[in-house]
Structures are given as structure tokens and as C-alpha cells.
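K.L.:
Protein chains in written order, with the working numbering: chain A, 375 to 486; chain G, 423 to 536.
Just so you know, these hints were derived from the structure itself, not from any lab.
From the three backbone atoms N, C-alpha and C, an ideal C-beta is built for every residue, glycine too.
Incorrect hints may appear among the rest.
Okay, derived cross-link-like pairs now, DSS-like style, lysine-lysine, Cα gap no bigger than 25 Å in a straight line [stated by the list, open to error]:
(1) G:K524 - A:K426
(2) A:K443 - A:K481
(3) G:K524 - A:K478
Not close to chain G: a few residues of chain A, all C-beta gaps over 10 Å, as computed [what the hints assert, rightly or not]:
(4) T379
(5) E391
(6) S397
(7) T408
(8) Q416
(9) R419
(10) T430
(11) N431
(12) A440
(13) R442
(14) S448
(15) P450
(16) D466
(17) K467
(18) V484
(19) P486
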Amino acid sequence: LAKTTQPISMDSYEGQEVNITCSHNNIATNDYITWYQQFPSQGPRFIIQGYKTKVTNEVASLFIPADRKSSTLSLPRVSLSDTAVYYCLVGDKGGSQGNLIFGKGTKLSVKP
Amino acid sequence: DAGVIQSPRHEVTEMGQEVTLRCKPISGHNSLFWYRQTMMRGLELLIYFNNNVPIDDSGMPEDRFSAKMPNASFSTLKIQPSEPRDSAVYFCASSRGQGNEKLFFGSGTQLSVL
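Looking at chain G on its own, in the form it has when it is part of the complex (with noise of 0.2 Å):
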């Protein structure tokens, strides 16, 4: 199994442009989550999907974050416009169940937003 795949690795822009960060979760995982990790707050969860449906978006912290999972193999998360505190690590992650299932994590996508 490929585990769970991140695009695009790096991800440099400027303020005020649209970002779309891409995740593949690891086949026949139904549960999919977006973090975020940064040195002051650690790692914060986004969002997460169970089936392709969101089920706590609480953790998106305003109107500029938005995801989706059109399929089971796919989910985006849309930064816009960006801005420099945006700038962070995203993690997105899979397992079989929620709650306190093993987690596989991707490689994370490291944004700069300058």
C-alpha cells in the first residue's frame, strides 16, 4: 500500500492567492482528516470526513478554509484568499473508524504564504 499521499509537498505563494492542498487516503479507509501543525499551537485537527461526509469542521479556523471529499479517494483542502499566518504544515490522515483508530498520516504539505 502507497499509504496516504500528499500534494503538492512544498507550497510557496503569495498573500491573497488561492492554495489547494490535495490528499489520497489509504484504500478502503473511510475516515479521512486535515491538520495542521505549527510550533506554537502543535498539531491542531481541521476537519474530518467519515464516508465523504463532513462530520466536525470545527477545528477550521474561518470562511477562508474550506474541504471537500467529492470520493473516497480524494479530499482538498481550499485556502482563499491566503494569508501569512497561514503558514503551517497539513497533515491529512486516514483510518477504518473515528474516534481512537490507528491514524495513517501523508507527508504533509509545508506552506509558506509570504
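One chain only, chain A, in its complex shape (with noise of 0.2 Å):
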């Protein structure tokens, strides 16, 4: 079972980048690396998924050294608009979900 270690919170000003660090230091070899965002009042939502290297997409990108026992997602300008609450994950595809933990994850506020 693969743990997730993430900061409970993180400070921010709109335009600047973003970058929140996920420490996973048992994941397995055919773990994947999720990233989701949640806003109050609403289920959470996916953003991004890797599993070595780096993805990218439209609304960020997944930094993922060669030992894989950490991630970063990067969030590039953020606006207000990005707070939230965002988790990281760890787990198989095919794997038992109760596996797959959500934990607090970390609260992001960006300011003006």
C-alpha cells in the first residue's frame, strides 16, 4: 500500500507558479501517480496522471524523477480561480480501489 505525504497547505499569489511535492517513497513498480483537484462544494476533480518522467497537459504538468518516490505537479500562472484543495495518489490500474487513498491532501490559497 503505497502512502502519500503531502503539505497540509501552500501560499500563493496569482501569476506565479506553483509546484506541490507528493512523497511516495514504497510505490510499486506498476503504480501510477494521480493528481486531483477539489473545490468547495464540488467532488473532486482529475487533473493529471504519470507514471515516469514528465506529462503534461493543459492545465499542468507531472514531474516524476527516475526513483518515482516523489512527484511534483506544477501549476503554471496560477489565478484565484485555482484554489482548492489538491490530492495526490498512488496505485495500480486494475488494482483493489481500496488501495487507492485520498488523505487530506494539500490547500492551496492564492491571493491577489
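Starting from two chains that each stand alone, build the complex the way the hints lay out.
P.N.:
Have a look at this one:
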């Protein structure tokens, strides 16, 4: 069971790049890393998923070092609307859902 | 696609009453999940179904909770009798598979048990 550790909260200002790091020291060979975003009064929303190196989409980038024991979600030029809770999850596709733990996430506050 | 649809959006009930939460997953998704979110415990998986069959209900807190999925387009989570400590936001999610597949969440049901 790959446990993840991420900061409880982070503060940033509009226009800055935000990097949220997640530690997952016991990640397994078949595990993928997935990030979700949750706004107040809404369900979590998938942001990005990766296995190794770098993944980029229209919303964010995910950086995964060679040892895969951590990962960094990068949000370019954040705006006030990026204020949300961000969750890092680690697990294999097709595996038990019970092993996929959301935890408390990282509460990102973007200030003007 | 309308996404995952949950009802009701809000539910206020008195202790001891039966509560039924409903969920319609995204068409074509074969896995459905019920989560509960509270400030203290965060987002917890209660139970999940694959092809309408319950796979893991180890997260269901106690016998007062039950979930069914009679067909691929509908699921219910029932609490009977309800207690104040059941107050939380209950989310339903669906995906094309199990494990670390992309989850699509509904808007949740805010349950308050007085």
C-alpha cells in the first residue's frame, strides 16, 4: 500500500508558478501517480496522471524523478480560481480501489 | 455527457430516520464508488462496485449502511437508522475500470442528521 505525504497547505499569489510535491517512498513497480483537484462544494476532479519522467496537459505538468519516490504537480501562472485542495494518489490500474487513498490533500490558497 | 448525477443535493433528516442517496454513473463506466468526506477523516472510500457487483465494502462503517447497484445506471446508498455522526458529504464516482483509473465524481449529497 503506497502511502503518500504532501503538505497540508500552501499559499501563492496570482501569476506565480506553484509546485506541490508528494512523497511516496514505497511506490510499487506497477503504480501510477494521479492528482485530483477539489473545489468547495464539489467532488474531486482529475487533473493529471503519470508513471515516470514528465507529463503535461492543458492544466498542469507532473514531474516524476527516476526513482519515482516523489512527484511534483506544477501549476503555471495560478489564478484565484486555482484555490482548491489538491490530492496525490498512488496505485496500480486494475488494482483494488481500497488501496487508493485520498488523504487530506494540500489546500492551496491563491491571493491577489 | 451529463456526468455522474447524484440526488438529493442536500438532505436534512432527524436521527433514526432512513436516508437514501442516489447515483447515476456515466454511461459506459463499469465501476461505481461511494465516498464519504468529513473534515476529520477526509475522503474515505465506503464501497465500490464493478459490473454491478460489490467488490469491496470494507469501508462501510457499520451495518446501518447498505449499498445496492441493481443495474449499470443506478446505485443507492442507504443509512438506516441514521445518526448525527453520519453527517457528511457523500460522493458517488464512476470510472471505466478499477484501481488507479480516472475517477469522475458527482457533486455530492450534503447530509445533515439532527
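K.L.:
Hint by hint, say whether it matches the structure.
P.N.:
Going through the hints against the structure:
Under the criterion of a C-alpha separation no larger than 25 Å, the hint pairing G:K524 with A:K426 is consistent with the structure, at around 17 Å. With a C-alpha separation of about 22 Å, the suggested pair A:K443 and A:K481 falls inside the 25 Å cut-off, and the hint holds. Between G:K524 and A:K478, the direct Cα distance comes to roughly 19 Å. Compliance with the 25 Å bound is thereby established for this hinted pair. Every C-beta of chain G lies more than 10 Å from that of A:T379, the closest at about 14 Å, which supports listing it as non-interface.
Against chain G, the non-interface label of A:E391 holds: every CB pair exceeds 10 Å, the least being about 25 Å. Non-interface call for A:S397 relative to chain G: holds, since the shortest CB-CB distance, roughly 17 Å, exceeds 10 Å. The beta carbon of A:T408 is not kept farther than 10 Å from every beta carbon of chain G, the shortest such distance being approximately 6 Å. Distance to chain G contradicts A:Q416 as a non-interface residue, since its nearest Cβ pair spans about 6 Å, not more than 10 Å.
A beta-carbon of chain G comes within 10 Å of the beta-carbon of A:R419; the shortest separation is about 7 Å. Against the 10 Å criterion, A:T430 stays outside the reach of chain G, whose nearest CB is about 17 Å from its own CB. Distance check for A:N431 against chain G: the nearest CB is about 12 Å away, which clears 10 Å, and the non-interface claim stands. For A:A440, the condition that its CB be more than 10 Å from all CB atoms of chain G holds, with the nearest at approximately 20 Å.
Every C-beta of chain G lies more than 10 Å from that of A:R442, the closest at about 14 Å, which supports listing it as non-interface. Against chain G, the non-interface label of A:S448 holds: every CB pair exceeds 10 Å, the least being about 20 Å. Against chain G, the non-interface label of A:P450 holds: every CB pair exceeds 10 Å, the least being about 22 Å. In this structure A:D466 is not separated from chain G by more than 10 Å, as the shortest Cβ-Cβ distance comes to only about 5 Å.
The beta carbon of A:K467 sits about 5 Å from the closest Cβ of chain G, which is not more than 10 Å, so the claim that it is off the interface is violated. Against the 10 Å criterion, A:V484 stays outside the reach of chain G, whose nearest CB is about 21 Å from its own CB. Its beta-carbon lying about 26 Å from the closest one in chain G, A:P486 satisfies the requirement of being farther than 10 Å from that chain.
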